[in-house]
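Novice: Take a look at the letters that make up each chain.
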Amino acid sequence: MNALTSSGNGGPVLSAQHLTIQSKQKKILDDLSLDFPAASLTAVVGPSGCGKTTFIRSLNRMVELTPGLSIRGSVIYLGQDIYDPSVNPVMVRRRIGMVFQRPTVFPTTVFENAAFGLRLVHEDIETIEKSVEEALQRSGLWEEVKDDLDRPALSLSGGQQQRLCIARALAIKPRVLLLDEPTSALDPAATQRVEATMQRLKEDFVLVLVTHNVGQAARVSDKVAFLHSGHLIEVGPTADILERPREALTQQFITGRFQ
Amino acid sequence: MASASVAAPAETGKDLLFDASARTRWRLGFDRVAGWLLPVLFLVAIVPILDLVYYIASQALPTLSWAVLTNTNPHDPYALGVPIISTVYVMLWATAVAVALGLFGGVATAEFLSERAAGWMRMSANLLVGTPSVVIGYFGYFALVLGLGWGYSFIAGATTLAFFMTPYIFRVTDLAYSSIPRPIREAALGSGARPYQYILKVAAPIALPQILNGVFLAVAIGVGETAPIVLTSTHSVLVPQTLYSPVSFLTAEIWLNFSQPPGQALALAFQAAFVVLVVVVALNIVVRIISARYQKRLEGLYQ
Chain L
1 MNALTSSGNG
11 GPVLSAQHLT
21 IQSKQKKILD
31 DLSLDFPAAS
41 LTAVVGPSGC
51 GKTTFIRSLN
61 RMVELTPGLS
71 IRGSVIYLGQ
81 DIYDPSVNPV
91 MVRRRIGMVF
101 QRPTVFPTTV
111 FENAAFGLRL
121 VHEDIETIEK
131 SVEEALQRSG
141 LWEEVKDDLD
151 RPALSLSGGQ
161 QQRLCIARAL
171 AIKPRVLLLD
181 EPTSALDPAA
191 TQRVEATMQR
201 LKEDFVLVLV
211 THNVGQAARV
221 SDKVAFLHSG
231 HLIEVGPTAD
241 ILERPREALT
251 QQFITGRFQ
Chain R
1 MASASVAAPA
11 ETGKDLLFDA
21 SARTRWRLGF
31 DRVAGWLLPV
41 LFLVAIVPIL
51 DLVYYIASQA
61 LPTLSWAVLT
71 NTNPHDPYAL
81 GVPIISTVYV
91 MLWATAVAVA
101 LGLFGGVATA
111 EFLSERAAGW
121 MRMSANLLVG
131 TPSVVIGYFG
141 YFALVLGLGW
151 GYSFIAGATT
161 LAFFMTPYIF
171 RVTDLAYSSI
181 PRPIREAALG
191 SGARPYQYIL
201 KVAAPIALPQ
211 ILNGVFLAVA
221 IGVGETAPIV
231 LTSTHSVLVP
241 QTLYSPVSFL
251 TAEIWLNFSQ
261 PPGQALALAF
271 QAAFVVLVVV
281 VALNIVVRII
291 SARYQKRLEG
301 LYQ
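Protein chains in written order, with my numbering: chain L, 1 to 259; chain R, 1 to 303.
Since the hints were derived computationally from the structure, they do not count as laboratory data.
These numbers were taken from a predicted model, which means no experiment stands behind them.
Incorrect hints may have been included.
With a straight-line cut-off of 27 Å between C-alpha atoms, the simulated BS3-like cross-links for lysine-lysine are [unchecked claim]:
| id | chain 1 | residue 1 | chain 2 | residue 2 |
| --- | --- | --- | --- | --- |
| 1 | R | Lys-296 | R | Lys-201 |
| 2 | R | Lys-296 | L | Lys-130 |
| 3 | L | Lys-130 | L | Lys-202 |
| 4 | L | Lys-173 | R | Lys-296 |
| 5 | L | Lys-146 | R | Lys-201 |
| 6 | L | Lys-173 | L | Lys-130 |
| 7 | L | Lys-146 | L | Lys-173 |
| 8 | L | Lys-26 | R | Lys-296 |
| 9 | L | Lys-146 | L | Lys-202 |
| 10 | L | Lys-146 | L | Lys-130 |
| 11 | L | Lys-202 | L | Lys-173 |
Kindly generate the complete structure, drawing on both the sequences and the hints.
Specialist: Here you go:
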């Protein structure tokens, strides 16, 4: 595992260490450790209920918005534990962005959606316009919306809305982007475009993708982590995990013989 | 089975349409009766209302004139100028206080309080909405008129009316904020918004039309109330000059004059009732318009 996590410039950008998350009824994550090196896309796969969504939400403290969960362990971002009491979760989320299962555009214009995070930090309008264009280009939406940035975001198609959400997350220039099943509500054509966007983004960002779709993991990821019942069963380069899994559970999941 | 399936649907459809079993005939018969019954029930509901409107209008309109509505001469007891202006003042104060209390309470309940505390807040609001206005009036009398020593006054009356209106605005604010899709909230917080930035920049534009609706409805309900005012501020022939002046109110004029023998005083009661009726209908129309626009603007958000 160490060979996988070392990146060109030293240690991993983001690293979960001995993460245990419990609700009153059960352990959702059990002593989970996983590294995310720079310029890579890690796919977290597993059957529904395995804790993969809780895991990705723990990487930028979104999990704290769900009441009644106790969190132990740490998540190290560039050498600092984001769960340290001195760290403000708002600042964490500005460095570690997130995209959700369904498009979550706000009922305003395309431009204002992409500019949302920048407005929060009171950037001047030139900076905002520049960053919005850059983010929309990165998310692959620019060509489709550049002529009418003032149209209502809700009038875009589902796939366009999802790429707008990616642009919104990118506009504040995070280092890490968390994608929680970003294509689960999209049709195949829109899925393909979002996957192409992810391919491009992994050059510059640390991407973490939660998906239940093994095919998607095979197409876009460098590294696959397989979760089952809150345990990390296996992690390794995508080809190794998908073609030569060491664990029986992984084998069963990949071949679709699971339940 | 497979070969018969091409012809089967047409025949099945025919069977269903001409099925003469007793149950089917009973259902079709009930359907027909219900189709007649609903318009009849609608008429039963609407006729008394129309009758009331007609009765008030027929009593008020023959003597109602622009002069009656605008005459503010304190020596003319049969004019509505002073009550109308006073009512506007009272409603402005009451609405301002009720919006402040209801808005803060509603947002706090929807966004910040624990489930348990929010449950208590909601239950209290529901109880207050179910409380007869005369009880609120007595509360205002004991707490404000006597307790704070405000006396029978504009401020005591308008504040008591605000207490009466607050739970309506509270409930609609709480509902508007609570019903914003959870993913929208998480997306805002996930983009690095502080909770107050989410509340003001993302949620407010979504919730505001709904809240505005609630405010207009609360004003419509408040302007039609009598007890909170008559128990806390006496009748006055003058527009209030200070916060502690006595004040008159449109519904209070109805209450004061309705027991009078036929004549100018009784006519005044009907005129005041007509004015209140027009205001309430107008406010409800405004609410309808806002609702319609709101529906259109947010199409697609709640998929």
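Novice: Run every hint past the structure and note whether it holds.
Specialist: So, going through the hints one by one against the coordinates:
1. R/Lys-296 / R/Lys-201: holds (20 Å)
2. R/Lys-296 / L/Lys-130: Answer violated: R/Lys-296 to L/Lys-130 is near 32 Å, above 27 Å.
3. L/Lys-130 / L/Lys-202: Given pair L/Lys-130, L/Lys-202 holds - Cα atoms ~21 Å apart, limit 27 Å.
4. L/Lys-173 / R/Lys-296: Since the Cα atoms of L/Lys-173 and R/Lys-296 sit roughly 34 Å apart, the hinted pair is violated (cutoff 27 Å).
5. L/Lys-146 / R/Lys-201: holds (24 Å)
6. L/Lys-173 / L/Lys-130: Roughly 12 Å between the alpha carbons, so the hint for L/Lys-173 and L/Lys-130 holds.
7. L/Lys-146 / L/Lys-173: Holds - the C-alpha atoms of L/Lys-173 and L/Lys-146 are around 20 Å apart, at most 27 Å.
8. L/Lys-26 / R/Lys-296: Since the Cα atoms of L/Lys-26 and R/Lys-296 sit roughly 43 Å apart, the hinted pair is violated (cutoff 27 Å).
9. L/Lys-146 / L/Lys-202: holds (24 Å)
10. L/Lys-146 / L/Lys-130: holds (13 Å)
11. L/Lys-202 / L/Lys-173: holds (14 Å)
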